[in-house]
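Let the hints inform the model, and build the full structure from the sequences given.
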Amino acid sequence: MATEDVRAMLEDCANKLNIKTRHTENFLELQDDVAADFTLLTKVLYDFHKGQEPGDCKSSPLEQLVVEDFDEEQIWQELELQNTAVLRHFETVVNDIISDDALTILEEEKDEDNIDEEMAEDIGEEEEEEPHKKPKKQCEDGEGDFTDEDSDLDFDVDALEKREKLRKRAVGKASKAAGVPSEVDDKFFKLSEMESFLDDMDKQEGKEGVEDIDYFQDLPSDDDDDLDLDEDVSFKKQKKHGALKSSRNLKYKDFFDAVEGESGKADHQSEDEDDSMDGMQEDPEEEDEDDEDEDTIKEKEMRQKKVTFNLSGEEESEGEESEGEDIEDILGKKEPNSEKSAYKSSFEKRQEKMKEKIQELEKSALGEKPWQLSGEATAQTRPENSMLEEDVQFDQASRLAPAVTEETTLLLEDIIKQRIKDQVFDDVVRKNKPKEDAFEYKKRLTLDHEKSKLSLAQVYEKEYLKMTQEKTDEVEKPAHVEIQKLMDTLFLKLDALSNFHFTPKPPVPEVKVVSNLPSIAMEEVAPVSASDATLLAPEEVKEKSQAGDVLGDTEKTSTDKKRERRKKKTVKRIKIKEKERRQKEKEATQATRGGENKKQTKAEVAQNLQKITKGGKAKILKDEGKDKAVRSSQAFFSQLQDQVKSQIKSVKDQALKKKKKLKEVSVGKLKL
Amino acid sequence: MDTDNNSAPQITFPDVSESATEDATDFVQVKSKKSHKRKREQDGVGMEAEDSVAIKRPQFPPISGDQLKGGVDELRKIPVPPHRYTPLKENWMKIFTPIVENLQLQVRFNLKSRNVEIKTCKETQDIASLTRAADFVKAFILGFQVEDALALIRLDELFLESFMVTDVKPLKGDHLSRAIGRIAGKGGKTRFTIENVTKTRIVLADQKVHILGSFQNIKMARTAICNLILGSPPSKVYGNIRAVASRSADRF
Numbered sequence: 001m002a003t004e005d006v007r008a009m010l011e012d013c014a015n016k017l018n019i020k021t022r023h024t025e026n027f028l029e030l031q032d033d034v035a036a037d038f039t040l041l042t043k044v045l046y047d048f049h050k051g052q053e054p055g056d057c058k059s060s061p062l063e064q065l066v067v068e069d070f071d072e073e074q075i076w077q078e079l080e081l082q083n084t085a086v087l088r089h090f091e092t093v094v095n096d097i098i099s100d101d102a103l104t105i106l107e108e109e110k111d112e113d114n115i116d117e118e119m120a121e122d123i124g125e126e127e128e129e130e131p132h133k134k135p136k137k138q139c140e141d142g143e144g145d146f147t148d149e150d151s152d153l154d155f156d157v158d159a160l161e162k163r164e165k166l167r168k169r170a171v172g173k174a175s176k177a178a179g180v181p182s183e184v185d186d187k188f189f190k191l192s193e194m195e196s197f198l199d200d201m202d203k204q205e206g207k208e209g210v211e212d213i214d215y216f217q218d219l220p221s222d223d224d225d226d227l228d229l230d231e232d233v234s235f236k237k238q239k240k241h242g243a244l245k246s247s248r249n250l251k252y253k254d255f256f257d258a259v260e261g262e263s264g265k266a267d268h269q270s271e272d273e274d275d276s277m278d279g280m281q282e283d284p285e286e287e288d289e290d291d292e293d294e295d296t297i298k299e300k301e302m303r304q305k306k307v308t309f310n311l312s313g314e315e316e317s318e319g320e321e322s323e324g325e326d327i328e329d330i331l332g333k334k335e336p337n338s339e340k341s342a343y344k345s346s347f348e349k350r351q352e353k354m355k356e357k358i359q360e361l362e363k364s365a366l367g368e369k370p371w372q373l374s375g376e377a378t379a380q381t382r383p384e385n386s387m388l389e390e391d392v393q394f395d396q397a398s399r400l401a402p403a404v405t406e407e408t409t410l411l412l413e414d415i416i417k418q419r420i421k422d423q424v425f426d427d428v429v430r431k432n433k434p435k436e437d438a439f440e441y442k443k444r445l446t447l448d449h450e451k452s453k454l455s456l457a458q459v460y461e462k463e464y465l466k467m468t469q470e471k472t473d474e475v476e477k478p479a480h481v482e483i484q485k486l487m488d489t490l491f492l493k494l495d496a497l498s499n500f501h502f503t504p505k506p507p508v509p510e511v512k513v514v515s516n517l518p519s520i521a522m523e524e525v526a527p528v529s530a531s532d533a534t535l536l537a538p539e540e541v542k543e544k545s546q547a548g549d550v551l552g553d554t555e556k557t558s559t560d561k562k563r564e565r566r567k568k569k570t571v572k573r574i575k576i577k578e579k580e581r582r583q584k585e586k587e588a589t590q591a592t593r594g595g596e597n598k599k600q601t602k603a604e605v606a607q608n609l610q611k612i613t614k615g616g617k618a619k620i621l622k623d624e625g626k627d628k629a630v631r632s633s634q635a636f637f638s639q640l641q642d643q644v645k646s647q648i649k650s651v652k653d654q655a656l657k658k659k660k661k662l663k664e665v666s667v668g669k670l671k672l
Numbered sequence: 001m002d003t004d005n006n007s008a009p010q011i012t013f014p015d016v017s018e019s020a021t022e023d024a025t026d027f028v029q030v031k032s033k034k035s036h037k038r039k040r041e042q043d044g045v046g047m048e049a050e051d052s053v054a055i056k057r058p059q060f061p062p063i064s065g066d067q068l069k070g071g072v073d074e075l076r077k078i079p080v081p082p083h084r085y086t087p088l089k090e091n092w093m094k095i096f097t098p099i100v101e102n103l104q105l106q107v108r109f110n111l112k113s114r115n116v117e118i119k120t121c122k123e124t125q126d127i128a129s130l131t132r133a134a135d136f137v138k139a140f141i142l143g144f145q146v147e148d149a150l151a152l153i154r155l156d157e158l159f160l161e162s163f164m165v166t167d168v169k170p171l172k173g174d175h176l177s178r179a180i181g182r183i184a185g186k187g188g189k190t191r192f193t194i195e196n197v198t199k200t201r202i203v204l205a206d207q208k209v210h211i212l213g214s215f216q217n218i219k220m221a222r223t224a225i226c227n228l229i230l231g232s233p234p235s236k237v238y239g240n241i242r243a244v245a246s247r248s249a250d251r252f
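Chains A and B, in that order, are what the protein sequence lines are. Number 259 in the working numbering belongs to position 259 of the first sequence; there are no gaps in the numbering. Number 32 in the working numbering belongs to position 32 of the second sequence; there are no gaps in the numbering.
A hint or two may mislead.
Said to hold, decoys possible - Which chain B residues face chain A? A few, computed with CB under 8 Å, are given here:
id	residue
1	ASP148
2	LEU150
3	LYS189
4	LYS199
What the hints assert, rightly or not - Below, simulated PhoX-like cross-link-like pairs (lysine-lysine); rule was C-alpha separation at most 20 Å, straight line:
id	chain 1	residue 1	chain 2	residue 2
5	A	LYS451	B	LYS189
6	A	LYS451	B	LYS186
7	B	LYS112	A	LYS453
8	B	LYS172	A	LYS453
9	A	LYS645	A	LYS657
10	A	LYS453	B	LYS56
Claimed, not checked - From chain A, some residues computed to sit far from chain B (all C-beta separations above 12 Å):
id	residue
11	ARG7
12	THR21
13	VAL66
14	GLU72
15	ILE98
16	ASP200
17	ASP395
18	LYS421
19	PHE425
20	LYS451
21	SER455
22	THR489
23	LYS505
24	SER558
25	ARG563
26	VAL605
It should be emphasised that the hints constitute simulated quantities derived from the structure, not laboratory data. Positions of the beta carbon are idealized from the N, C-alpha and C atoms, including for glycine.
Below is the structure:
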């Protein structure tokens with residue numbers, strides 16, 4: 001009955017609305033009466049649905065919509081108040097339904113689809129027609145909710161179990177085939193999973209970043225509410241299942257997904273437990289609005305038991321806020337908050353986060369620094385083997401010794417084997433220093449001081465040919481080599497027949513003509529090389545005397561001096577004797593001839609004269625020039641006069657001199 | 001239109017021309033000289049796609065010299081200073097014969113502008129030959145002998161380096177003259193010696209020094225000349241270049 005009334009009323013309202021809005025062009029101008037009708041309509045609807053609302057639902061406190069003397073704005077405000085509250089409620093419900101394991105939207109088989117569709121339809125119908133009954137039911141606390149739901153819907157237990165198994169397997173498979181296996185993959189760790197996790201984190205962060213920028217929202221953002229509500233739901237779910245393990249009975253598989261090798265076992269085990277207990281709590285942050293489709297649940301299942309990465313500074317702090325009574329909470333899983341945090345504003349939450357961060361930072365700043373940051377750390381100051389975990393960077397002056405790994409050994413062995421096969425060994429070849437005379441060296445590199453006859457092109461051509469033709473020269477050699485070999489064998493045999501005691505030829509002294517000119521004179525003005533070494537040895541220049549060293553005047557001893565004197569005398573004696581002998585011979589020859597040649601040579605005459613005058617035996621009368629022919633008498637007489645005067649003078653001078661001498665003597669005597 | 005354009009390279013790619021004519025009959029394309037090369041490439045690509053299905057990379061046939069130029073003839077001008085007119089006239093036959101016959105270029109001496117102009121033509125095979133010819137003429141103009149400059153055409157790795165005496169050390173007046181005299185030597189002896197040992201050719205034109213040869217040899221000659229400018233006696237320079245030359249000879 002009530003429903004009939006409701007329906008009738010609603011139909012009436014709908015009709016009214018349709019009539020009013022048929023001519024939309026009328027809305028271009030003010031229509032007061034239509035406006036009044038609309039307000040009445042809204043009031044009716046509001047009052048009605050307020051009456052239908054369940055008591056527990058936290059919605060607007062207004063029981064009736066007050067429209068008398070109220071402005072449009074005020075009416076809007078009232079409606080908003082109601083709407084937002086109720087919307088929140090609806091969202092909770094919807095999330096709950098989605099997260100409810102009993103009603104999965106996953107389709108592993110066609111049967112499931114049907115069941116899901118049925119359920120969806122059911123849910124849809126209920127929501128459409130009786131939106132208020134649903135929230136009413138959801139608001140009830142305790143397990144009753146879900147049991148009611150279960151009874152409402154046609155529920156196939158077997159189908160559910162099948163679905164569960166398939167899902168588990170799918171999860172298992174998915175977890176196994178979660179991407180490209182990489183180098184660092186382990187039993188516990190998968191690189192691809194980590195990357196997918198990080199991508200989701202980034203997406204989330206991006207979304208929440210957008211949300212942060214949106215300053216024009218008065219009410220708390222829906223996302224946060226959702227998340228909180230989800231947390232509520234999941235927490236409730238866990239409670240509903242009731243089979244909370246005590247801390248003693250917790251095992252590895254409660255926290256983490258099965259390790260690869262044991263996934264089979266784990267699946268079987270976990271299946272049983274899953275029905276009773278819903279395992280770990282899902283990560284609330286991972287429930288984005290976008291991800292609320294088929295894949296979300298899969299991913300959630302995948303992630304719920306894996307090792308998660310503690311990325312600092314992210315929104316996870318939301319989940320970590322709670323003071324978890326359960327062991328799971330303490331052991332780091334993200335637990336849902338208590339219900340009161342659902343209604344905190346985003347600003348408040350941000351502030352809380354900031355505060356936490358600040359506190360953390362302050363604590364770390366004030367507290368003791370780890371040994372890595374506290375200066376010089378000796379082995380005693382740091383924990384044992386802590387350096388093994390540290391990434392140390394330091395410069396090394398010397399090159400590190402090459403790491404000996406299996407691969408390097410194998411490489412080396414390969415090279416060795418190849419070398420042996422090819423018979424190409426790095427044997428040491430005896431090096432011969434080429435003995436080259438300076439002469440030959442100079443010959444080789446003569447400097448040509450003239451303009452080259454060849455043009456540059458020809459020069460290069462010659463060089464090129466020389467380089468390329470070297471190979472052809474070597475080609476000819478093998479013939480020579482063979483000949484040489486044959487000759488050697490032959491000669492060896494001959495030698496064996498003949499005498500093996502071979503005496504070599506006496507060495508012929510080489511005659512080399514070497515001139516003692518400095519090279520500067522031999523060559524051009526510009527010498528090839530300025531060499532100050534003369535080409536002859538000093539002994540070759542001057543023969544060393546038999547006597548030995550040459551002595552200077554001061555170096556000579558008396559014996560040496562006497563020796564020299566004696567030598568000189570003997571030499572002189574010999575000379576004189578020779579002379580006399582010659583003289584005698586000459587005279588003898590002259591005498592034999594009979595005094596014809598009385599001519600004496602000029603030299604002999606001069607010698608005689610000198611002998612005589614020296615001895616004082618004779619005096620040469622010299623013509624002093626006084627007998628000069630006097631031509632004129634005047635000249636004669638003047639000459640005579642001069643002669644006499646000079647004679648007189650000389651006599652006078654002599655007398656004066658004598659006097660002077662005497663005087664001088666007396667003066668000298670007086671002086672004393 | 002197509003046939004005209006394709007007639008020139010028909011010698012090298014007969015295949016291309018045939019299929020290109022086919023394309024011409026199918027659809028008419030506006031021809032411009034600029035797009036000539038590009039269109040050729042496109043044809044090549046299209047052809048290959050028809051012939052073999054699974055080829056991913058386009059295969060372009062090697063392009064001939066005149067295609068490389070892009071259809072435009074390039075021109076180089078080398079100015080001739082007045083003191084080289086007569087030598088140019090005397091050696092003109094020797095200069096233009098290798099350029100025209102070996103390199104397939106067109107060369108003339110523009111009397112009005114007093115430039116030697118070298119131009120590519122259809123018969124030119126190699127685009128780099130224009131540079132070589134220009135270098136050859138430039139070397140002759142600078143003062144090298146024709147036979148020596150000819151080496152530039154025959155060999156790839158020969159270079160020409162010029163510098164001024166005052167670049168090495170700022171000299172003026174008598175000092176500068178003396179430095180130039182040191183480089184030359186009595187009767188050109190020193191210069192010839194350096195030329196012979198380092199296998200280069202040196203032209204000493206008042207204050208400018210030009211060296212022609214391969215890179216290493218130019219370096220050796222340049223070092224020797226710089227030492228002479230800086231004041232070393234020729235004997236010392238001889239010793240040094242001989243040592244360096246023998247070392248470099250041993251290396252090869």
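Hint check:
1. ASP148: It holds, given that the least Cβ distance between B:ASP148 and chain A is near 4 Å, below 8 Å.
2. LEU150: 5 Å, holds
3. LYS189: Interface hint status for B:LYS189: holds (4 Å vs cutoff 8 Å).
4. LYS199: 5 Å, holds
5. A:LYS451 to B:LYS189: Since the Cα atoms of A:LYS451 and B:LYS189 sit roughly 8 Å apart, the hinted pair holds (cutoff 20 Å).
6. A:LYS451 to B:LYS186: 13 Å, holds
7. B:LYS112 to A:LYS453: Distance ~37 Å between B:LYS112 and A:LYS453 Cα, so the pair is violated.
8. B:LYS172 to A:LYS453: 35 Å, violated
9. A:LYS645 to A:LYS657: 18 Å, holds
10. A:LYS453 to B:LYS56: Distance of about 59 Å is beyond 20 Å: violated.
11. ARG7: 69 Å, holds
12. THR21: At roughly 61 Å from the nearest Cβ of chain B, A:THR21 sits farther out than 12 Å, so the non-interface label holds.
13. VAL66: Holds: least Cβ distance 77 Å, greater than 12 Å.
14. GLU72: Fine: 69 Å to the nearest Cβ keeps A:GLU72 off the interface.
15. ILE98: Holds, because the least Cβ-Cβ distance between A:ILE98 and chain B comes to about 49 Å, which exceeds 12 Å.
16. ASP200: Holds, because the least Cβ-Cβ distance between A:ASP200 and chain B comes to about 37 Å, which exceeds 12 Å.
17. ASP395: 37 Å, holds
18. LYS421: 33 Å, holds
19. PHE425: A:PHE425 clear of chain B: closest Cβ-Cβ about 26 Å, beyond 12 Å.
20. LYS451: It is violated; A:LYS451 is separated from chain B by about 5 Å at its closest Cβ, not greater than 12 Å.
21. SER455: 3 Å, violated
22. THR489: Label holds. Min Cβ-Cβ 37 Å, cutoff 12 Å.
23. LYS505: 37 Å, holds
24. SER558: 54 Å, holds
25. ARG563: Per Cβ check, A:ARG563 is outside 12 Å of chain B; nearest 51 Å; holds.
26. VAL605: 62 Å, holds
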